[in-house]
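A.B. asks: Single-letter residue listing:
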Amino acid sequence: MTTKKSPLHDEHVALGAHLTAFGGWDMPLRYTSDLAEHRAVRGAAGLFDLSHMGGISVTGPEAAAFLDHALVGNFSALRPMRARYTMICADDGGVLDDLIVYHNGTDEYFAVPNAANADAVLVAMLERAAGFDVAVRDISASLALIAVQGPRAEEILREVLTEDPEISGGTALDDLRYYACLGMRFGAEGVLVARTGYTGEDGFEIWVDTPHAVALWRALLAAGEPYGLVPAGLAARDSLRLEAGMPLYGNELDTTTTPYDAGAGRIVKLDKAHDDGTPVDFVGREALAARSEADPERVLVGLRGTGRRPARSGYTVVRTTDGGGVGEQVGTVTSGVPSPTLGHPVAMAYVRPDVAAEGTELAVDVRGRAEPFVVTAMPFYRRG
Amino acid sequence: MADYPSTLRYSVEHEWIDDGTPATVGVTSFAVEALGDVVYLELPEVGAEIEAGTVVGEIESTKSVSELYSPVSGTVVEVNDTAVDDPALVNSEPFGAGWLFKVEVSGEGQLLSAEEYAQHAG
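Chains W and E supply the protein sequences, listed in that same order.
Numbers given in this note's numbering equal positions in the first sequence, counted from 1, plus 12.
Numbers given in this note's numbering equal positions in the second sequence, counted from 1, plus 5.
In isolation and in its complexed conformation, chain E is listed as follows (with noise of 0.2 Å):
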């Protein structure tokens, strides 16, 4: 079973959270892993109003697109821009500069510790 990092909370989805003012939203490696390789972001844009467990963007793979959803609601204040232009990153770094956009959260969804993570994503 994969390690997750403990700091962080994760969807049933696949995304990553951390407890940051704004959080940071990313995907999992696991979500990575079957992915395979990102070609393609389409993320929220900065002063969107967004809701936990909706359609905020699409992640596409080389094999195929994939729908991203906000693990939280609120603002989303700032996006990754690098990620856009480069996003091999979100394979090479999902927990770290593959990161996708950050919130000012005003409310959560359904959120998993690392270790009820590790048991959803087998």
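This is chain W alone, in the form it adopts within the complex (with noise of 0.2 Å):
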């Protein structure tokens, strides 16, 4: 199989970035250091390629509609220039992707897929397109995504881009909330610019049609410098989302796990109904309403490493016999760091109810060792 690349992949080419096969992409695992990435974003700012991202268009008058028999979210209730973290699940309530869609226009919405998942998620919503009056359109060729992410990313974006109240669909950048979007100006081009993203900071994602995105890029970049701005990587996003508690599609989520057992149930919306109060028969329902009412089998929690080594993706968490060593196993690593930013691994893993409460004193089985871990409330990062 071939990888594709980013419209911006000279760019990294030229900035001699270390790059990585991820999600059928050629994308940056770094530029210069994963651990030099992470702290700019946390102390100024980072701009990520993330043009490996899906792109999906759903529009027509029962688009609202379409979307809620198709994900879990309730779009009817969605206002416009607003965005939503929702997931589209199988029939047995499994996660097919966890995605981000925006209302960025009547009748119009934006969904963006993982990159791996992206072709999967189009074929179950054009099947799941049938009988809604609604078109839906992979649109994700023409678009690259750019994201400033850190405490400096609106001063920077201010730089590069200005506000045109006839393309801006009402809102002005100073009263952009949290999973909200406004079109802006990047010189006459319009764009997308959305305060979401995946580090736990403030932040911005750009959409911006393929053929400006280097011109963009490039703009940010220099801009940015002065601010502390950085190119960053792949690395340094997922040490980023993990301190920030973020779930990542294939760790924590997959076509075995529902919304539910990766603590995400609050997006299932099993009491969104259509106009004349008849609930709305999503894809997943019956399933995902009968997981909601049982015990959970395991639980996604947090785990803070108390030695220096990290936990890794697949690792074993065990109880800790009285001698110090590998007892009886409990759950399975999902993720792990050595967290830059707090200066001790952290984890998340799926364990036993039993051992999910806070505080519990469990070990991740590092190549036959016990290395102490201690279940932990997350995100583990919270921006001050």
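One or more hints might be untrue.
Dumping the calculated SDA-like pairs for lysine to any residue here, alpha-carbon to alpha-carbon at most 25 Å [unchecked claim]: (1) W:17 x E:39; (2) W:281 x W:81; (3) W:284 x W:307; (4) W:284 x W:94; (5) W:281 x W:77; (6) W:16 x E:41; (7) W:16 x E:39; (8) W:17 x E:41; (9) W:17 x E:127; (10) W:284 x W:263; (11) W:281 x W:91; (12) W:284 x W:389; (13) W:284 x W:139; (14) W:17 x W:32; (15) W:16 x E:38; (16) W:17 x E:38.
What the hints contain is simulated information worked out from the structure, not anything from laboratory work.
From the two separate chains plus the hints, produce the assembled complex.
C.D. replies: This is the structure:
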């Protein structure tokens, strides 16, 4: 399989990026140092190319009704120029993907799935569109996605983009809330700006038509440099999202996981209803309703390492024996890194409910040794 | 192609060794570039008898864990505690302050010249 290349690929190569295959794409893992890029985002700003993410346009008079049927959230209730984190589930309640849906115009929505799932999500949405007056189109190739994340992000954005009431959708940047979006100008071009991200910092995600992606990337890099902005790769993105307690599809989420398992039951709107009050029969509803009533078999928890060695995806969570050795298995690590911000290892893991209480002392089997970890509330990091 | 110090010799597993007595062992800039930021080192203990081509420790970076192979056989006489405490030294000075351990050499594995190693690392 050949890997796809971002419209910004040549920029990454010129910046000396270390590239990696991710979700079928050749993307920057890091430019210089994972740690430096992570710290830049926490302390100043980072610039991310997220053009590998999917992009599905949903338009038509029944667009909201269709999304209510196809996804677990309530999109009839989503106001224009607002975004929502949601999931698409199979009939059995298993998660096909987590995605963000933007309501970016009258009867117009934009769904952003993960790169590796983009094709599967498109196929599922096209199937589920049968009987609805709606057009579902993959427009990812015509758009690049660039994110500016960090405490200086808004200042940098203002250096490069300008407000234009004619395309803003009714919001000013000053009033732009988390999970809201607006249209702005990059020169003469219109771009869609959303106050969303995957880092735990303030920041923006910007959709730009592919032909203007390189110019926007360069403008943001140049304008951001005095503020301490650096380009940041997928390695920093992963450690940032993990500190922020955000799940990653393929690690915390997969088709064997329900939103409830992952602690995201709040986004499943079992009670969403049609105008006449009858419940919306969305895909997965029956299985998810049953799951919402049942005792969970496993719980997603945060783990804080009290030693130095990080846990990694796939490692076993265990009880410690009296001698300090590896005891009974009680769970499995889904993600883990040495936290650059906190200075100790952090991880997410699925564990048995009887060991999921905050403060429970557990261990992770790090190649035969019991490394101590404590069950900890997430997020691990919350911006000040 | 990167330049590697011509005074050192190299293993195919990306360790370097000098011609000192005892000899100093570290990992190459190529290995460091592939690893990313090093956050944890597990080195052999002083006095350990090690064998060329076998795993003698681990190098953990933000993203992965890699095994450390010994390029030679012999007895470990010193480990770099400064690098254990500050593993970032391996990134910043892989051929200098980021050295890993010193060994009294009793036998060698397959070792490459700088030129051969450059070909190998590509």
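A.B. asks: Look at each hint and say if it fits the structure.
C.D. replies: Consistency of the hints with the structure:
no., hint, result
1, W:17 x E:39, "holds (21 Å)"
2, W:281 x W:81, "holds (11 Å)"
3, W:284 x W:307, "holds (23 Å)"
4, W:284 x W:94, "holds (18 Å)"
5, W:281 x W:77, "holds (14 Å)"
6, W:16 x E:41, "holds (24 Å)"
7, W:16 x E:39, "holds (22 Å)"
8, W:17 x E:41, "holds (23 Å)"
9, W:17 x E:127, "holds (23 Å)"
10, W:284 x W:263, "violated (29 Å)"
11, W:281 x W:91, "holds (16 Å)"
12, W:284 x W:389, "violated (30 Å)"
13, W:284 x W:139, "holds (21 Å)"
14, W:17 x W:32, "holds (11 Å)"
15, W:16 x E:38, "holds (24 Å)"
16, W:17 x E:38, "holds (22 Å)"
Violation of the numbered hints given earlier is confined to hints 10, 12; the remaining hints are satisfied by the structure.
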